[in-house]
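For chain A, the structure is supplied; the task is to place chain B on it using the hints.
Protein chains: 2
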Amino acid sequence: MGYEPIWLKQAPLPAGAEHPASIAEAVELELSVLRSLSEAFVWSYLVTEALPEEGYEVLVGEGKADILGGSYAGVLYGIFDAERQLLLTDTVVSVSERPASPLRMLNHWDNADGSIERGYSGLSFFFRDGVLSVNDRTFAYARLCASVGINASVINNVNVFKDATWLITDRYLPVLRKLAECFGAYGIKLYLCVNFAASIEVGGLASADPLEPEVAEFWKKTVAHIYEVIPDFGGFLVKADSEGRPGPYTYGRTQADGANMLAKALAPFGGKLIWRCFVYNCSQDWRDVTTDRACAAYDTFRPLDGAFDENVILQVKNGPVDFQVGEPVSPLFCGMKNTNLMLEVQAAQEYTGQQKHVCYLIPMWKDVLRFHTCAYEKADRVSDIVCGAHRPGGNCGIAAVINTGDDDNWTGADLAAANWYGFGRLCWKPQLSAEEIASEWAGLTFGTDSAVRKILVKVLLASYGIYEKYTAPLGIGWMCNPNNHYGPNVDGYEYDRWGTYHRSSCKAIGVDRTGTGTGYSHQYPEALAAKFDNPETTPMAHMLFFHRLPYTYVLPNGKTVIQHIYDTHFEGVEELMDLIESVVTVQGLIPEKEYTRIMERFAMQLASAKEWRDRINTYYCRMSGIGDAKHRKIYAVSEEDLTYPEA
Amino acid sequence: MGYEPIWLKQAPLPAGAEHPASIAEAVELELSVLRSLSEAFVWSYLVTEALPEEGYEVLVGEGKADILGGSYAGVLYGIFDAERQLLLTDTVVSVSERPASPLRMLNHWDNADGSIERGYSGLSFFFRDGVLSVNDRTFAYARLCASVGINASVINNVNVFKDATWLITDRYLPVLRKLAECFGAYGIKLYLCVNFAASIEVGGLASADPLEPEVAEFWKKTVAHIYEVIPDFGGFLVKADSEGRPGPYTYGRTQADGANMLAKALAPFGGKLIWRCFVYNCSQDWRDVTTDRACAAYDTFRPLDGAFDENVILQVKNGPVDFQVGEPVSPLFCGMKNTNLMLEVQAAQEYTGQQKHVCYLIPMWKDVLRFHTCAYEKADRVSDIVCGAHRPGGNCGIAAVINTGDDDNWTGADLAAANWYGFGRLCWKPQLSAEEIASEWAGLTFGTDSAVRKILVKVLLASYGIYEKYTAPLGIGWMCNPNNHYGPNVDGYEYDRWGTYHRSSCKAIGVDRTGTGTGYSHQYPEALAAKFDNPETTPMAHMLFFHRLPYTYVLPNGKTVIQHIYDTHFEGVEELMDLIESVVTVQGLIPEKEYTRIMERFAMQLASAKEWRDRINTYYCRMSGIGDAKHRKIYAVSEEDLTYPEA
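Here the protein sequences line up with chains A and B, keeping their order.
In this text, residue positions in the first sequence follow the numbering used here: the first is 1, and each later residue adds one.
In this text, residue positions in the second sequence follow the numbering used here: the first is 1001, and each later residue adds one.
The following block holds chain A by itself, in its conformation from the complex:
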């Protein structure tokens, strides 16, 4: 399979160009691209300590433009900025930029065998059958990342299985060095996920107890050797004590004990230890209505606030559960003031349509980033916290779990590339609007023809809301099939061990997570707790996440819960059909290959959306016995079972 340059298609590298062996070479190479895009300017660049390390300025004068960077990486980012300006506006203006988020990271869930956990875009382009490769595609990947400011990449699955456990050994280090050099030429640091039990599986020890000196010694030696081979290695990402993965709990140690032990091995080399907060009981009994998975991360990590070393970063999923539509922001962002934090979002659309559904996630991520944590008097947004407003050591940032695979277009769905592009842009500059980002991406990918661009921007901006409408209005998630997480299945997880329930009865729906329920709402600061405790002040998008409400409860929008469920599910499908029709109007203006692929995905999305609409509406119509006030088609078995609200 080949690969497409997607949003860089209008900025091709010179034919026959060699891969840059250093970032200085990459700058020269990219400058040649810039020159080919515009002869109206004489282009030059300068690395200067006057600017922050990754910052840049584009200084445009009469017939000339200088790109200043705090480092070669800064210069590179400046060149890409100028390329973007030229492609979108045909000219360049002066700008001064520095990245908001110190770490702008991708997390790949690639397995060494070549499969990708929650990947919907083909197989891994890093791994195949246990072998790691560095090739043309790897360089193309690095260039795409750099063009949107991504500066860190974790190439293997957080669930470290089999061969991947050996990445930290000489079996893989020589080729990892080549990969790190490729990444380094584009300002990207290589990170690896490690198996917490590697001291046993690789080291031959009997233990992985973080307080056992020989375990610490194993990691010290292992890390020292990694840095010997890869001097600019970034560090580790660890999923421990979660979903069957090993961790410090096995030895009666805390999460901090585990993280700090690894961090101490990395510290001498400037390495970072990123530790996921995705720790919960995945063997819950569905009969137990008191245990609430949403509480788990905060309950686990809040007591450890301040106990982590400076080079430890806790990576927190945007919501308290797992990338569901309609989750509130994780309360860990409010409660860990003495700990370095990083936000984890998911560009891989595990629960948002698996790249069969268009689902532009920037609006959702922006909602997370601008959420007021109420934890500080000023600068209390999630974006402030993960960009280091209160902890300026640079050990913070944003990570996206991404599923780029070996499909020609990298992301399976052409439109899904907007999430990759947008993630980078948003990390750099959170104040960019979702529309600005969509417009940039559409213009770069499909040209600045205003009809196409306008429609694609419309499609992207509408997509999340539409997906939410036909899948999870009011914040009830997880109504999907077990394991593959696709498609509607109202009770898919209802009687299972994963702690994710809607608990619908014939009278009511939702989980009471207020102070008088599971108590989850009280993990937030008082102002937020009060807001979430009251259904009248709870945002509609999270309503049934926080409250168990009768179907007849009247929501702030004046509709009953059941009518809102019906309406949103019907509207979602109707709005989707409108979107699809609008794309049909620009057939011929989009290249045929891309148009065909987009339409194929739309066909799958529409079929799936109808299935969501009909199953959810039918389930709740049968369950509640309340008919649709508008008498649309719902598959109740018999009309006699139903009562209808007054019109």
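Don't read these hints as lab results, they were simulated from the structure.
Partial chain A-side listing against chain B, Cβ under 7 angstroms, derived:
| # | residue |
| --- | --- |
| 1 | Arg287 |
| 2 | Asp491 |
| 3 | Tyr495 |
| 4 | Lys507 |
| 5 | Arg615 |
| 6 | Met623 |
| 7 | Gly625 |
| 8 | Tyr635 |
| 9 | Asp641 |
A virtual CB, placed ideally from N, CA and C, is assigned to each residue, including glycine.
Same frame as chain A, now just chain B:
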């Protein structure tokens, strides 16, 4: 892995005995076993045309016993009868026997790769990695079969995939000949499942159209060659036009066209063509409440009654759907008076606990066999029909889908062997009671110690009723997990394409299959249709199979539907616990290995039974809003959702 002689453990072959090369040798060998069991008699045998071919007489005189058979097979059956008598009663009395059912057949769903579809007892002992073997175990299998009168075996899956398509070719015929010789020594005919599209896949033709002369020619040549190699080959079993399998429909031909074409190839050699009636639409839309899978087999085959050749036998599953608990008897047994029929039951416990649950199926099969079809004035039971009362050509019988695998004890669960044993006995003599059969099996397998035998008989006899109570009282089946068909999942198939729905709402449950519903009940003769159309005369076990009833409907037993659901689910678990406790009382009297295995299965069964009880009760409590009159533990989310019936 080894294998155990299970119910033949007290009748071992002489040490070092060679495998019999013919049925005459098998008779001599088995006679030596008989002699070793009792020196009180001088044993001799005689083959005589005075008896029906498979019939026998044991004639006991003073110090001598003669075994007469209508053939060597008859003698063999007589010897096994005498062995059974000796082992169970320490003596022998004269008997005269002939089999009720002409064909007494096992259907194995073994794939050529060694896997077994719906197998719960290890891998295939016929196939492994595409290779078919004949070895000690094959002979042991044949002897076990012969000891209970089984005279036909289909060794490969009805879904004929991959290598199995080539069984009818020289790739496999030499070893199949060895297998047929092994079987033949024990009076068993070898049958094969064939792929209806073999003319394409193996024959290299472009078509499998049964009316295409070159297709018929392919089969004629293929069959002639099979009989050249295996002169006593039995014939074919075919699953066509079902669940994605190829068939005559592809070419616009009828099921009769397909079957007769194959039958004509087999006829010159006395071969039989067994054609499954399991044809239905497996891509149904759950929204469509008018299409009823239960109607499919009758709708398909009834119009073809009389159109099949004499050596075609239609193989009909016991119920209209698929081996569910609580299904009524298939109306095809009532409506195909001019066609040879064979009953198909399932010893492999696909839907009856997968050998983790004790589920003695003889009572269920007996219910089927003694069902009055109302199709004839006399001899109108299913047993009459499949034993040839109205079609004496010998082309009829009973088949059991079985899952014997390479587990030491053949059937995974020790107690599941009672279904294999019992199937053979029941085919031979349908009037044997379930208790007699259980008692024979328990005595042969675990000795005649009265305490053990009494308890095992009690366990077996109670098991089906208990399983029905906690899984599918009132005849609602299919509340299991998709694909693997294990464990409770109320909505597992409710919104799927398989045509198997319960259609529960907050008011009612069940599918209306009466004359005013899907019309299924009118596939039966008038007397039965009238009975099934009226819930007051419908047997409780089929109540919700035929009727959609409000939860508050009062059943013939005086309970409401919802209360009956609660009561049966609680009772099922309680009765199971009692059974388990009763087996504990005979610990030490059962060999430790078997006892441990039985208890391990009981532990799995009990955990699963509790899950069934709690999920089903919870689902219907939440759904109906009606509490348990006895206030037992059900996991409704909140008491406020419930109303309770008057005490």
